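Undergrad: Letter by letter, the chains look like this.
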Amino acid sequence: MISLTIDGIRVQAEEGETILEAAKKAGIRIPTLCYLEGLSPRGACRICLVEVRNWGGRLVPSCATPVQEGMEVVANSPRLRELRRTILEMIFVERNHICAFCVSNGHCELQDLAMELGMDHVRFPYRWPLLPLDLSHEKYGIDHNRCVLCGRCVRACAEVEGAMTWGFSGRGIFTLVEADLGDPWGKSKTCTGCGKCVQACPTGALFEKGKATSEQVKKPEIIMEVTERRPRA
Amino acid sequence: MRQLRIPVTRIEGHGLITVHLGEDGRVREARFHVTEVRGFERFCLGRTLWEMPALTARICGICPVSHLLCSAKACDAILAVRIPRPAEKLRRLMNLGQIVQSHALSFFHLSSPDLLLGWDADPKVRNVFGVVAFDRKLALDGIRLRAFGQEIIEILGGKRIHPAWAVPGGVNNPLSEEGRDRIAAKLPEALRIAQDALSFYEEHMASWAEEIEHFGKFPSLFMSLVGPDGSWEHYGGRIRFVDAKRRIVADGLDPSRYQEYIGEAVETWSYLKFPYYKPLGYPEGMYRVGPLARLNCCERFGTKLADEALLRFRAVAEGKAVTASFHYHYARLIEILGALEKIQELLSDPEILSRRVRAEAGINELEGVGVHEAPRGTLFHHYWVDETGVIQRVNLIVSTGHNNLAMNRTVAQIAEHWLNGREITEGLLNRLEGGIRAYDPCLSCSVHAVGEMPLKVVLYGPDGEVIAERTRGI
Chain A
1 MISLTIDGIR VQAEEGETIL EAAKKAGIRI PTLCYLEGLS PRGACRICLV
51 EVRNWGGRLV PSCATPVQEG MEVVANSPRL RELRRTILEM IFVERNHICA
101 FCVSNGHCEL QDLAMELGMD HVRFPYRWPL LPLDLSHEKY GIDHNRCVLC
151 GRCVRACAEV EGAMTWGFSG RGIFTLVEAD LGDPWGKSKT CTGCGKCVQA
201 CPTGALFEKG KATSEQVKKP EIIMEVTERR PRA
Chain B
234 MRQLRIPVTR IEGHGLITVH LGEDGRVREA RFHVTEVRGF ERFCLGRTLW
284 EMPALTARIC GICPVSHLLC SAKACDAILA VRIPRPAEKL RRLMNLGQIV
334 QSHALSFFHL SSPDLLLGWD ADPKVRNVFG VVAFDRKLAL DGIRLRAFGQ
384 EIIEILGGKR IHPAWAVPGG VNNPLSEEGR DRIAAKLPEA LRIAQDALSF
434 YEEHMASWAE EIEHFGKFPS LFMSLVGPDG SWEHYGGRIR FVDAKRRIVA
484 DGLDPSRYQE YIGEAVETWS YLKFPYYKPL GYPEGMYRVG PLARLNCCER
534 FGTKLADEAL LRFRAVAEGK AVTASFHYHY ARLIEILGAL EKIQELLSDP
584 EILSRRVRAE AGINELEGVG VHEAPRGTLF HHYWVDETGV IQRVNLIVST
634 GHNNLAMNRT VAQIAEHWLN GREITEGLLN RLEGGIRAYD PCLSCSVHAV
684 GEMPLKVVLY GPDGEVIAER TRGI
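Protein chains in written order, with this note's numbering: chain A, 1 to 233; chain B, 234 to 707.
If you're looking for bench data, these hints aren't it; they were derived computationally from the structure.
Keep in mind that a hint or two might mislead.
What the hints assert, rightly or not - To spell it out: a stretch of chain A is covered by chain B in this simulated footprint if at least three of its residues, at any positions, have a beta carbon under 8 Å from a beta carbon of chain B; those stretches are:
#1 94-107
#2 159-167
#3 209-219
Predicted model, so just to flag it, every value in this text is computed and none were measured.
For each residue, glycine too, the CB sits at the ideal point set by N, CA and C.
Just chain A, with the same shape it has in the complex (with noise of 0.2 Å):
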């Protein structure tokens, strides 16, 4: 067993877990985004900042850094929350999440972060890119516009439906997920139309077609449902 603090609480943890593990085990709330139970984690979106106060104050994201004996973690401070609204800021002026319209308005991941995290305002420019969004596929639609670039959907289709059909192409803030190489989705030769992407993506980048404002209700705890259930070798 691993002993460390976060928030001053003295936690104890196993081998190998993450800052993040030990803190939900603590009790300890650290907000997230890119991070999904039964997915491996990837540090993608630096929502779940911490803070490693004898490593000198380094910031970590704590869903990608495994615990070290005597860390002292802090995992909420006026600081990090600064840090982590500005982070959110940066993700919606990025792209175009408006709410009002969005098939997840009321059941989106991003919405629920602004609102935990007191975004009241944007102080950035909002970049408003023209994006395309495909309705391609027979059952699914993507729309770009509203992508945060998570790869939650990346890492199911490869780690937990193992089909590896969507990917990301570009760089930087042009990154786009795509299908298979760049195909529309309904063309692709590997999606199985599992759906797996579509539940495990945080907003309404990715949905059932046919579904209108607000219908879209995400089950993203069906991936670590899915892996539990799975026989080891």
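Given the coordinates of chain A, work out where chain B should sit on it, guided by the hints.
TA: Quick look at chain B alone, frame taken from chain A:
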């Protein structure tokens, strides 16, 4: 040429009236300008069909329901489905609630200060607070009646403003028994208020004789949907045009082929287009829509109290079309009454509680038109999609737009009658505003624009010099 510019308040949106005077000091031309632009038709492009009802509902905060329902109808056409009967009844119920709340807002909150306190009353008191001080019961009645309409919307859609309840293929939530009973419990009071307001109007009509005569009284066509038997309609039916003598000019027109009989002209001085009846050309093809037009076009309301009132309404013009736009108020009150009676009918229909409220389908047509009667008049949503349901093109013809030519004519008529000399008197200002207000225009909708509606009047001289200018509420 001299010009007079007047800002308009207590309507929804921004407006400007300019009056142009000739050398002889007489009115040469008067225009009602809509000075905002928004661009919904552009930014819907590239969105999915299923988002359109909630997206276009954002055109307006007063009548989101009108756009929501009309858009859902256009989407139904693209899915090529007939929505389940209970869904249609529920949509009708919501639209009736919308008509009640919007008409109540127009009459009690926006227009009653003019009617009650007089056109020459001090603007400081000629507002809704003045009405409260002058006739507390009337003011409270207005608030209650509007709240009743809003409550229907809330019970059905989950919230009063911008409910995303109507969806392509039907609605996403049925009506509960408890919800029905809540509406039914408040109906008697609403009916009482509607009847009182109608009596108030009929009793006072004689005292507004001069305004009735000059607030846009001229022959024109009238357009609305009517039912298969010619009765009052607000959701389905076909398009009818009648003339000033109430003779049917065209009947049974397919609403989805509106482009064959409605043209849209553009003028450089307004962001609002000028629709006209194509066979008569522009601007002779001027027509009016909304409560006045619906009552002129229909043969009967189909409910007891409203049909009795309709007979009295007809008597005003001796059976011909009522051409005085002032009587939009009259028509609005009759419609409130009739809408309430129709709500009563719907609530007593057991099918209203059915849970079969949605037809599922994919993209089966690449083009669809939705038409229905919004409180202010006939509303058209026309969408084009690609094979997957992504919006390629949008055309919206909004109720206020249809009345654009008539509102301009009204402004000119009022200026001719009340303008004397080079001064913008309070009485003129008020009447110009009141003339526009009779149409209950929603400029935010008409140009799909945003904001409250102050109005500005500028008086221009023969050489274009500004003689006088008055602004209110900007």
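Undergrad: Check whether three or more residues of the stretch 159-167 of chain A sit with their beta carbon closer than 8 Å to a beta carbon of chain B.
TA: Three-residue rule not met by the stretch 159-167 of chain A, so violated; n is 0.
Undergrad: Holds or violated: the stretch 94-107 of chain A covered by chain B, criterion of 3 or more residues with Cβ-Cβ distance under 8 Å?
TA: holds (count 5)
Undergrad: Please verify the coverage claim for the stretch 209-219 of chain A: does it have three or more residues whose C-beta sits within 8 Å of some C-beta in chain B?
TA: Since 7 is at least three, the answer is holds.
In this structure, the one hint that does not hold is number 2.
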